[in-house]
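Now for the letters of each chain:
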Amino acid sequence: MENNARNQVLAAVERQMPANKTAYPEMPDFPRLKTDLLIAFENRVKDAGGEVFRPADAAAAQALLASQHAQAKVICSATPEITGNRDIHAVKDPHDLADVDVGVIRARLGVAENGMVWLTEEDLEVNALGFLSQHLVILLSPQAVVGDMYDAYLRIHLEDTAYGCFMMGPSATADIGAVLVHGAQGARSLSVYLLA
Amino acid sequence: MGDEKRVDVAAHAAAFLAQDDVHEPMHDKNLWSARMKRDAAARAVPEWETLRQLASQIKEHTLTHLYNYLLEFESNATKRGAKIYWARDAAEHNQHVWDILREKNISSIIKSKSMLQEECGMTAFLENRGITVTESDLGERIQQLDDQPPSHIVMPAIHKTPEDVAQLFARTIGTDPRNTDPHYLTEAMRNDARRRFLEAGAGMTGANFAIAETGSFVVCTNEGNADIGASVPPVHIASIGIEKLLPKVKDLGIFIRLLSRSALGTLATQYTSHFSGPRKGGELHIILTDNGRSKRLGMPDFWTSLKCIRCGACMNTCPVYRRSGGLAYGATYSGPIGIILDPTFDESKYSELPYHSSLCGSCTEVCPVKINISDQIMQWRKVMAAKKHLPVSRRLAFGAAGKIFEHPQLFRSAETMASGAIRFTPDFLLYNRVLNPWGRHRELPHFAGQTFREWYLQYRAKNNEHGEQRP
Chain C
1183 MENNARNQVL AAVERQMPAN KTAYPEMPDF PRLKTDLLIA FENRVKDAGG EVFRPADAAA
1243 AQALLASQHA QAKVICSATP EITGNRDIHA VKDPHDLADV DVGVIRARLG VAENGMVWLT
1303 EEDLEVNALG FLSQHLVILL SPQAVVGDMY DAYLRIHLED TAYGCFMMGP SATADIGAVL
1363 VHGAQGARSL SVYLLA
Chain H
11 MGDEKRVDVA AHAAAFLAQD DVHEPMHDKN LWSARMKRDA AARAVPEWET LRQLASQIKE
71 HTLTHLYNYL LEFESNATKR GAKIYWARDA AEHNQHVWDI LREKNISSII KSKSMLQEEC
131 GMTAFLENRG ITVTESDLGE RIQQLDDQPP SHIVMPAIHK TPEDVAQLFA RTIGTDPRNT
191 DPHYLTEAMR NDARRRFLEA GAGMTGANFA IAETGSFVVC TNEGNADIGA SVPPVHIASI
251 GIEKLLPKVK DLGIFIRLLS RSALGTLATQ YTSHFSGPRK GGELHIILTD NGRSKRLGMP
311 DFWTSLKCIR CGACMNTCPV YRRSGGLAYG ATYSGPIGII LDPTFDESKY SELPYHSSLC
371 GSCTEVCPVK INISDQIMQW RKVMAAKKHL PVSRRLAFGA AGKIFEHPQL FRSAETMASG
431 AIRFTPDFLL YNRVLNPWGR HRELPHFAGQ TFREWYLQYR AKNNEHGEQR P
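Here the protein sequences line up with chains C and H, keeping their order.
If you count the first sequence from 1, you need to add 1182 to reach this note's numbering.
If you count the second sequence from 1, you need to add 10 to reach this note's numbering.
It should be emphasised that the hints constitute simulated quantities derived from the structure, not laboratory data.
Just so you know, even glycine gets a beta-carbon here, dropped at the ideal spot from N, CA and C.
Wrong hints could be hidden among the right ones.
[Claimed, not checked] Cross-link-like lysine-lysine pairs, in silico, PhoX-like; alpha carbons within 20 Å at most:
1. Lys392/H with Lys359/H
2. Lys317/H with Lys1203/C
3. Lys1203/C with Lys305/H
4. Lys359/H with Lys15/H
5. Lys15/H with Lys397/H
6. Lys1274/C with Lys290/H
7. Lys89/H with Lys258/H
8. Lys317/H with Lys258/H
9. Lys317/H with Lys260/H
10. Lys1203/C with Lys380/H
11. Lys93/H with Lys114/H
12. Lys93/H with Lys290/H
13. Lys305/H with Lys359/H
14. Lys397/H with Lys359/H
15. Lys290/H with Lys89/H
16. Lys1228/C with Lys47/H
17. Lys1203/C with Lys258/H
18. Lys290/H with Lys114/H
[What the hints assert, rightly or not] Quick list of the computed label-pair ranges, beta carbon to beta carbon:
19. Glu1341/C with Pro56/H: 27 to 33 Å
20. Pro329/H with Asn1225/C: 33 to 39 Å
21. Lys1203/C with Ala396/H: 28 to 34 Å
Chain C on its own, in the form it takes in the complex:
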């Protein structure tokens, strides 16, 4: 039956496709963002409900995290710069991350157009770290900010990773009364630490 379904769907598609074929369009060279990319990125992260910090070095970032999340009991870091108290490499099952208060991940790049950061399975170690953590701290090199989505898609490699996410601020919803609320299902807050 399975083969049958496959062949029948494909045969129907082949039969029904319009005879007039549309060509794949030429992509024009779009105008590029001319402003300072890092400043634009910072502003867009804030628009999306996130925060941006510029700690001087890894030690300052560690201190910043401690003061920003003084109440946190479980901190899980997938980065060498920040030390937590839950070893991500010891996590065998994503359910083990259910009690994480703060997850720390290094992003490969940021996008000035909208404040997104790009996180892959390799950066997350365990994908659920990005979604079960109550709060997220994202480390990003200030040199790794690209202008817009066209640039971003030229820089990422979907063939190299089973999972990649452009994350734009914390989880959000406006499903009740069209009122914006952060922390619907994913992270309640997202901070970007600009750290080379």
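With chain C's structure known, arrange chain H on it following the hints.
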């Protein structure tokens, strides 16, 4: 296929309008606000119109070469370790899901929003077989708890007030019925959903785009709910309509820029997630589903409706949708896009929908992939008239008008004469509650000295930069 199953959209809309003085004005206001935000977001992108044109062309290219792109997607996704299933229709789609769950002894799943799964009636199918199905998108969960389908593609519970949700949550998850604060209510659902995520044996998602070049698919959410479903349970099942294909990864640069700006006026959704094969230690099952899409592809007047990226912009801008509520359409898809998609599933059942439009054309103007929605609505009226689907009340009321609506040129010349004609339409047809429930809340429409088209052309000439006027 008798009259009893025909959706009486006008009667449903009248009920929505008549329920009180709160719901319809709130619905209208919230959706119009989304439309205004969309306009601002579109204006901020200098190449917006070029993007719409490119998106339309890429979609038309893909659809006219869909056979090859489906094979390419299948081959690449398989290489990445995903298991591919094919489904001709809803029943086969649901059977695949059930087979996967049964084989692994999974009794509860968590799902993010998927219009295709709605279309297939998947939740009811699985529940009848003892599977606990939990919607993880807040709006979808509200609708599930209220035993209603989503009323809007992007904002499933937008027809409800916070008071409605407070009552519902008090009844179903034990919140304080007097607390109508959306923050409080969202937090309560977060906590309720959390344990369901952790207990689920599988996570289900849909897909916004599928990329032939890499065998990847993309899911866009604001809540991050699809990502929890895909990253926590060991099994991920994705339902993908065969029209979701795009040729290349770089195409996403265009579509991601258009999608959320068109939907809610935001620069993107908070999460744009790319799945290329199963995650470490997980399984990925992809069900490529036809369910009427190949048939639609062969309809010369309607195949371009397959370009739709489900942003909901046509719904937000539609003056009829905003005042009717999405549930009035009695179908999976509501609003202007619903009017042109639903009859492809059941012509008789949805034969009234094409008349639930003012043909103002605003939907076509905002569509990010340039579907000629209002022309297709007109075209569906022709189909319905030719097949005598028009119910008696409409045939009387529209009598001569029907002919004119089928021919835009005639319509334009006739419009100026209509102020005369309308005076002779018998009052009982306009105001009889059974024949035309809309009449209850309507003044006799007095036609202006200037027709809308004359006014619009003049207005646009004057305001070609900021030409938004609430239709």
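Hint check results:
| no. | hint | result |
| --- | --- | --- |
| 1 | Lys392/H with Lys359/H | holds, 16 Å |
| 2 | Lys317/H with Lys1203/C | holds, 15 Å |
| 3 | Lys1203/C with Lys305/H | holds, 18 Å |
| 4 | Lys359/H with Lys15/H | holds, 6 Å |
| 5 | Lys15/H with Lys397/H | holds, 17 Å |
| 6 | Lys1274/C with Lys290/H | holds, 11 Å |
| 7 | Lys89/H with Lys258/H | holds, 17 Å |
| 8 | Lys317/H with Lys258/H | holds, 16 Å |
| 9 | Lys317/H with Lys260/H | holds, 18 Å |
| 10 | Lys1203/C with Lys380/H | holds, 17 Å |
| 11 | Lys93/H with Lys114/H | holds, 15 Å |
| 12 | Lys93/H with Lys290/H | holds, 15 Å |
| 13 | Lys305/H with Lys359/H | holds, 18 Å |
| 14 | Lys397/H with Lys359/H | holds, 13 Å |
| 15 | Lys290/H with Lys89/H | holds, 15 Å |
| 16 | Lys1228/C with Lys47/H | holds, 18 Å |
| 17 | Lys1203/C with Lys258/H | holds, 18 Å |
| 18 | Lys290/H with Lys114/H | holds, 18 Å |
| 19 | Glu1341/C with Pro56/H: 27 to 33 Å | holds, 32 Å |
| 20 | Pro329/H with Asn1225/C: 33 to 39 Å | holds, 35 Å |
| 21 | Lys1203/C with Ala396/H: 28 to 34 Å | holds, 29 Å |
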